[in-house]
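Residue numbering for the sequence shown follows our numbering, beginning at 9 and increasing consecutively.
Some hints here could point you the wrong way.
Claimed, not checked - Restraint-style ranges between C-beta atoms, simulated for each label pair:
| # | residue 1 | residue 2 | range |
| --- | --- | --- | --- |
| 1 | T151 | H34 | 38 to 48 Å |
| 2 | E14 | A121 | 22 to 32 Å |
| 3 | A229 | R114 | 38 to 48 Å |
| 4 | E194 | N11 | 36 to 46 Å |
| 5 | R114 | E61 | 22 to 32 Å |
| 6 | R133 | N11 | 13 to 23 Å |
Hint data in this document are derived by calculation from the structure and do not stem from the laboratory. All C-beta atoms in this analysis are idealised placements derived from N, C-alpha and C, irrespective of residue type, glycine included.
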Amino acid sequence: MSNAVEKAYAEIRDAIMVGIFPPGTHLKEDELAKRIGVSRTPIREALRRLNAEGSVRFLRNHGAFVADWTMAEIREIFDLRGVLEGYAAERAAERCPPADVARLRRLAEEMIALEAEGGPDFRSRIAEANGEFHRIIVQGAGTQRLGSMMAQVVELPLVLRTFHRYDREALRRSLNHHLEIVAAMEVRDGAWAGSVMRSHIAAAWHAIDSGAREEAARREAAE
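Throw the hints in and build the complete structure from the sequences for me.
Written out as structure tokens, the structure reads:
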């Protein structure tokens, strides 16, 4: 993939995640090309990639728009994640190879270090490490069917949006959940790992819900 496509992809994705392009925004190729400083071809490729990830949706004869979900849909996704990932953590704690458990610890510690360092893109970098962390656990559960089910309910944009909703204190609590999940896996305690994972997913839902309520209140106050 060309540097121009990568640049377009990263800038559009980040603008969506931080709310510069809120849900429902019409993403016009010519305007994006001027904004980012590339031609329309890499913009088109970037939008296709974002569509494949779920951040962007194409409407026939109307173009690309920032994807939106109702709060009911988001709640359903997180409820399903809690059930599936809790089960995955229980199984993985008993089955995950020691090398993968060690990798999970490194990722958990890396995410904590990224939060401590801060920086303009630290939340996106944490989200990437978080994605690998959760993938290892699902793979470690040792069931292909579970992986297929997870792929249908884990929407990358929602995961990224969660990290942008957290305030720093809530983010630290979430990252500490990772350490506790790893501790449970290191002693092969499936019940402990599953319980912490379910709490971890519930906290993510509450971050999304709280952020949505705050945004709605701000819009109402501005009207």
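Checklist entry - For the pair R133 and N11, does the Cβ-Cβ distance stay inside 13 to 23 Å? => result Given about 19 Å between the Cβ atoms, the range holds.
Notebook entry, point to check: For the pair R114 and E61, does the Cβ-Cβ distance stay inside 22 to 32 Å?
Noted result: Distance hint for R114, E61 holds at roughly 25 Å.
Taking the beta carbons of A229 and R114, is their distance inside 38 to 48 Å?
-> Holds, at about 44 Å.
>> Taking the Cβ atom of E14 and the Cβ atom of A121, is their distance within the range 22 to 32 Å?
In response: Check passed, 25 Å falls within 22 to 32 Å.
Could you check the hint for me, namely that E194 and N11 are 36 to 46 Å apart, CB to CB?
At roughly 41 Å between Cβ atoms, N11 and E194 fall inside 36 to 46 Å, so the hint holds.
Exercise for the section: Could you tell me whether the CB distance from T151 to H34 stays inside 38 to 48 Å? Expected result: holds (41 Å)
The structure is consistent with each of the numbered hints, conforming to all of them.
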